[in-house]
Amino acid sequence: MTTTQLPSPGRRLAEPAPAAPPSKPRHRPRHLREQISGWGMIAPAAVLLLAFVFLPAILGFGLAFTNARLVSPRPVEFVGMDNFARLFADPTFWRSLLNVSYFAVVVVPVQSGIALALALLINKKFRGVNFFRTIYFLPVVTSMVVVSLLWLFMYRKDGLINEMLSAASFGLINGPDWLNDPATAMPAIIALSIWQAAGFHMIIWLAGLQSISGELYEAAQLDGASRWHQFRYVTWPGLKHTRTLVLVTITIQALGLFDQVSVMTQGGPLDSTTTIIYEAVRSGFKQQETSYASAISLVFFVLVLLISAVQRYLTREKD
Amino acid sequence: MNKRFTRILATSVAAAALVGSLGACGKGSASAPSAGSNEITMWTHNAGNAEELKAIENIVDSYNKSAGAKAKIKVQAFPQDSYNDSVVAAAASGKLPCIVDIDGPNVPNWAWAKYLTPLKLDADVSKNLPSTVAKWEGETYAVGTYDVALAMLARASDLKAAGVRVATVEKPWTKDEFQDALTKLKALGKWEYPLDMGTAGTGEWLPYAYSPFLQSFGGDLINRDGFQSADGALNGDKAIEWAQWFRGLADQGFMAKKSGKDSTQDFLNNKSGILYTGSWAADKARAAVGEDLVVMPSVDLGNGPKIGGASWQWGVTSGCDNSAAAMDYLSYSLKPENLAAVAKATGTIPATDEAAALIPAYAEGGTNRIFMELSRNYAVMRPETPAYPFIATEYGKAVQDILAGADPKTALDKSVKAIDANIKSNGGYKN
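Just so you know, the protein sequences line up as chains A and B, in that order.
Letter 258 of the first sequence, counting from 1, is numbered 258 in this note's numbering, and no numbers are missing.
Letter 327 of the second sequence, counting from 1, is numbered 327 in this note's numbering, and no numbers are missing.
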């Protein structure tokens, strides 16, 4: 997924070089050499990307229209739209779409909000600020699988979270069996996902905050702006580009929800936590239906493309 | 995008395609690693199980040193989680080793996909535990050196305190007796849930552990006559009865909808009264509980107790260019002393009586002898069809959904529909 954010160096290098005036023909060979070395430098990355990202993706899209299987002696046949017809008639697919939307709709604003709040907190100069930066960032460098396993224990009926709820309420609150109740499983996964990933976006917000010139704040203070007004009219507009980046990355990350589900709930209970990617992996590997999994992936790709395009359109420069 | 960029892009795509097609050419030469030399490779799933791996390496060493060795065997061990993926990937690129181990129920799938070749062994396997010999369409494709058996473990003192008789192979508990036993055990107030069925299990555990109950009720995963449809078997009245009974165990507070991570440990820590688990847990339990431990057969829910048959087994791949040597090694590994060595190391049931006689616990009158009887009397093979891996995932999901509160009929109908569609889309999995 990260590939979608890679800057494309090819584009810049490919800008047409200013046409050399005909009176200086001897400059051409040097231009050519520069061009060649430029291409030579991006070649390794370009070849790897083509071979391991673009080609498999294109092959995958092709497979979606066949009946290819992971393990089978039968020849692969073209079956047209069969896989898609089956997919759109599958209630589990619609359920996974709903789950992912639910996850994204909650996670995108809450996670970016919390990350911004954390960034504002640590964007101060005081003793021990690095300590807090490290603490907030720690979950990010921990693998999601490890985090999921730990929270799996914490979410148990007699786990840490319920014990804390019970202790804090003097035994009044008897917490649910978080991950085994269709009503609480997704919120539980949402909470842990935000906890794990907020630190990463905090760093991005922080970079944005630090790029805002201090003079603007001084000027605002001279004008007698309150702290809220400083935030509203200096900080917020200054974070315009950061905002777009955070929005797009969290959205894509949220749509690709998989690790937590695979480790903690396997899509259950009653499909309440299944996601598009989880369904693709389940059909493709556990159920050996390569073509069906490819169809799911293709639909997912189109979906992400559409959502990103809409976001790009909404956050475009409006002047 | 200027012209040059387009041109270079086109060249790169062409180059990448060339690389891709060169890779594809490799497909033709099967079993490349072993070609030419008198060495054949053997893959096993037990990189994470030091005792089992050691036992297998010992057999391989002694074979390699024996005078009659037809080839040198080289062992490569994989972690269990990635083993199947490795085999599938190797098969796709034509790089399968000569000998592979396979989880029993997957044998028909791999045989159908032509990964495996029918075995022609010198060793006589007719007296082996039937569940250690994997057959499909009349041919033997894999043999196991051991099997495992499901049973119920309990403490004799608890049963006595509750006034419940100990179930035996001659007289297993009936459905009503089981209900009565659980009610009485729960009344003791010792445990939140008297029964631990390992409901937190995932993957193959779900069909392995719970489809025998379905079969004891009279249902099944699929109609075994031709293996073309699950309709009526997996969603018939008997199957609904099974689902309601199973769900009822949770609803009545006899077992957790999702048990702890380590059911055996929970039993040893006295968090449950009856543990439904495999023979692999027996040695550990006996070491902790001692004489008080009783091993009981599973419940008779109408058609006698049933347990899942078949564990990991060995097969020879169809691309192997020295299959005579591979078969020779397998025959060698089936000698009683070798069977006994592996069974001893893994705490499993040896495949033959001769081998069992070499292990005190499994010899006549031994403490683990009961597992051998359970296996011989009650083992039901998981359906011997290439559709099994698919059926297993659907059934596993149905079990989880039913426990989570789904309507049994709806959940099972959904599985049946998916299974039947899968079989149809594979042309009936006909050879």
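What the hints contain is simulated information worked out from the structure, not anything from laboratory work.
Please read all numbers here as calculations on a predicted model, not as lab measurements.
Even for Gly, the Cβ is constructed at its ideal location relative to N, Cα and C.
Please note: incorrect hints may appear among the correct ones.
Said to hold, decoys possible - Between beta-carbon pairs, the in silico distance windows are: (1) A:ALA85 x B:GLY366: 54 to 62 Å; (2) B:THR367 x A:ASP90: 46 to 54 Å; (3) A:PHE61 x B:ALA67: 54 to 62 Å; (4) A:SER143 x B:ALA288: 29 to 37 Å; (5) A:LEU55 x B:GLU39: 29 to 37 Å; (6) A:GLY80 x B:ASN38: 44 to 52 Å.
What the hints assert, rightly or not - Once the Cα atoms are required to be at most 25 Å apart in a straight line, the calculated DSS-like pairs of lysine-lysine come out as: (7) A:LYS157 x B:LYS135; (8) A:LYS286 x B:LYS114; (9) B:LYS284 x B:LYS190; (10) A:LYS157 x B:LYS186; (11) B:LYS114 x A:LYS157; (12) A:LYS157 x B:LYS271; (13) B:LYS186 x B:LYS261.
Determine which of the earlier numbered hints do not hold for this structure and return their numbers in increasing order. The structure breaks hints 7 and 11; every other hint is satisfied.
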